[in-house]
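Participant: Top line first, the protein sequences correspond to chains D and U.
Residues 1 to 349 (my numbering) are what the first sequence spells out, left to right.
Residues 1 to 534 (my numbering) are what the second sequence spells out, left to right.
In short, the hints are calculated from the structure, not lab data.
Among the hints, a few may not be true.
Reference excerpt, derived from the structure (chain D facing chain U, CB under 10 Å, subset only) [said to hold, decoys possible]:
(1) G74
(2) A82
(3) P83
(4) P85
(5) E103
(6) R131
(7) V134
(8) D135
(9) L244
(10) Q318
Far from chain U by the CB rule (all over 12 Å, computed), these chain D residues [claimed, not checked]:
(11) L35
(12) G133
(13) D148
(14) L178
(15) E222
(16) Q225
(17) R254
(18) G261
(19) V317
(20) L319
Yeah, the Cβ is synthetic: ideal placement off N, Cα and C, and Gly gets one too.
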Amino acid sequence: MTIAAGAASGPLPAGLDLVAERPLLASAVDLRFTLAPGDRLLVDAGTDVSVGTPLAERFRDTVLAEGRLPPGLGSRPGDRWAPPPDTGRRATRNLAEGELLFEWRDAWRIATGEHAEPLDAPIAGIVRRARPGVDIALRATGRVLLGDAALGGPSRGRLELAAGPGGELRPGGLDVGLAGTVLVVGSRVDAETLTRARAMGVRGVVVAGLPSKERRDYIASEARQRAALHRLPPFAVFVLDGALRRPIASPVVRLLEALVGREVAIVNDPPALVFDDADLDLPLPPADLVRVRSGPDAGREGRWIGLVGLRRFGRGVQLEAAEVRFADGPAIVPIGDLERFAGRPGTAQ
Amino acid sequence: MTRDPRAFFALDIGGATVSAALIIRIAGRWRLLGSLALPAAVGPVAVSRHLAERAVHADPGLASAAGIDPSQLDRVPSVTVRSHAPRRMAVVAASQRALGPLAGAAARSGWSVTAGSVEALDPLAMSQLLLDPGVDAILAGAGDPPGADERSPLPELAALVAAVAERRPDLTVILAGAMTDELPRFPDAAGREGEILLGAAAGSGTDARGLDELLTDLALPPDDARRAAAIGVETFAEVVGRRVEYVEIGYDAGMRAIAGPSLGRDERDRRAAFVADAALVPPGADDLILDRVLGWSTLPIDRHRLRDRLRELRSAPWADAGGDGAMVRLAAARAALGRLMDATLELGAGPAPDLLIAAGGAWSVAPGPVIALAVADVVRRAGATQYAFDHARLLGPLGSIADPDERAEVIADLADDMLVPVGSVVTPAGLRAGRSAGRLVVHAGTGVTELDLVPGGLELVDLPPGQTAVAEFRFRDTVRLGTRGRHFAVDVAGGLGGLLVDLRDVPMRLPDRHERRRELLEAWQSSLWTGHEG
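Just chain D, with the same shape it has in the complex (with noise of 0.2 Å):
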């Protein structure tokens, strides 16, 4: 992976380097989408793929047959196994299509299933390695933007602000107009709003935070989803942040706003927001740009002032600090609760 490397807009002030840098944007990175045994591959490693390229069929239940296969054929642990039309054997014949596992007493132990689901390419890239049982790894050709998680999917659909950096995306404000859109829903959602989203077509939703609790309820209704027997359309919750409510960093709303209408894919392996940006010219954040990660204050953005030691802050912890710029003045803040942001937008390697 290259993370976009250098400083932003401007010489880095004094003491700045102190602060944790924040890659606001990568490029040349390999996507990991996860293979089960059983699964059907459907590409091999250096082959190039648009948007929408079948890259595999994943298998909801595999189960696990036994048989002998003709002499001669020289399987090997992991060759994909389909039974030939013309054989007489008839317990060939039986033998449903899978893939080989292993080879016990002259018979292969075979996964095989039912219930295929596409896993089709939610970005164009090349198949850099593709392994039957395991994964497959394509190197993306359009520029990623990294987040903290990444659930469900992957997806892809067109970019839409449905809520400000700070705002909250309610279940009411959504309706089948929003069908085939990735949503930008502000700091926080809820599972309800999730679940209805999927529900009407929605594609995927981009949120700062997304709290364990919610996490935890939209995983276990997609899970009845799927117990059910629904194809689920393809939908993912790209979170930026972590589990707190925060609003979105400035610099990343930048970036979504100049993708708004533009084709977005949600993967989950790195958590990533993907999109080709060709044509894209973003605006770079200020160098001395900082903003509270985690904590009380989580999310408030400044200026950066400068350093200024060792300060004692809540409980009497004594912390490496800095002052910093805020809206409504200046104040305190420690290292350790800052990030800054790397990079030049549209200007990555």
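Got chain D sorted already, so can you dock chain U onto it with the hints?
Facilitator: Okay, now just chain U, sitting in the frame of chain D:
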């Protein structure tokens, strides 16, 4: 490192923290001039430069004499160690009975472990476990000789593992115990990227220790901070001539090492365990971990909010370190220390050490006395031990100095600088409940202190760092304090928290009701935490 330079940096680059210590040679010995720890994302260069600038600012003459010039830091040598995120090992066995010792060996050797047995998983699930893309190595083992419950399923398990080894040539495969007899099933090692290695059966014997060492060698790279810290602890124990225990709770893993002076013997007295599950907040922390943290929490917080805070602590370990965040961190540190102790029970079988060193970023937000209390809350054993904190994270980098004589010389010079004495903890066991268990008289240079010993509580005696005293205990009934008896005279050393007489139960029994438990923990902690109410 050579003996020529007048200064060097000791760098510990961890998963969450990069720590730099500046060590200079002055008046013929090495001294710690200063240290600075910041988030790992900052990087060692920036941290070293700021540390050097501060040294120059504080005492330009001394810095100049030591040859420190912030504009030419590349001329200052450094000893550097790094912590690495634990790699994942899939551990498989024929039976659940055989799986336990194998998984235990992997878990205390620095691996993140997923495990399964033929008894519990069908071949499909077992294949899925082994083919998981996150798996870096496979440990397949059996007893030697195999048990009755292993003999029948062993060949099929070997065939399954061999098939996976063929499909994933990048995986390192370790065959242990009687599983080594199945080696002919496996692909030729020459054509593989990963090795196929043979090891002893897991268990408690000397051979089993060989398996632990093999797994540790595979898990930890040569420059690993924890591997080096184990050597540093051994050298430190040799230098100070005392039995030393080291417990570290870090972002990626926890570590426990026990070492004593060799006393002229050839055999080294050092044992160490590296436990990924003892990270401050392991990735994907489950309900068991959450419950344990909740059990140590001194904050009125519900499960959902605590889960959120732990998730944030995992993703941004330096953020929210003050205020309530410090409380969450300490609760997580106690829980992690508990997991470390559980995974390394056999290391704690001996007598209490003379000195216990706490290390790792988990403790960095707490005052010294609170560190002593937090460790004493979890490490429950009868005895008298001095507690210290590796505040500059030096034992790892110094342990990486290759020349044993040079390492011993540097550690001997720095022995007084590298550790913050946080106090002495005396824990008698076997006290009977009642109003008074006896009397304590502390004879210190500044005078005599007398205390009534009330079972179930903590008694604090002010004893500053650098001061020693004799604590004379007179119990009404026989108790255990190293040995069984009623009268004891114990040499104790001072520290930031003085002398802490811990009269609570061994092992600790806390109220089941969460509120009552929290109030009790809060009361103990606040008595040692200056500025706690702030």
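Participant: Can you name, in rising order, the numbers of the hints this structure does not satisfy?
Facilitator: 1, 2, 3, 4, 11, 12, 13, 19, 20
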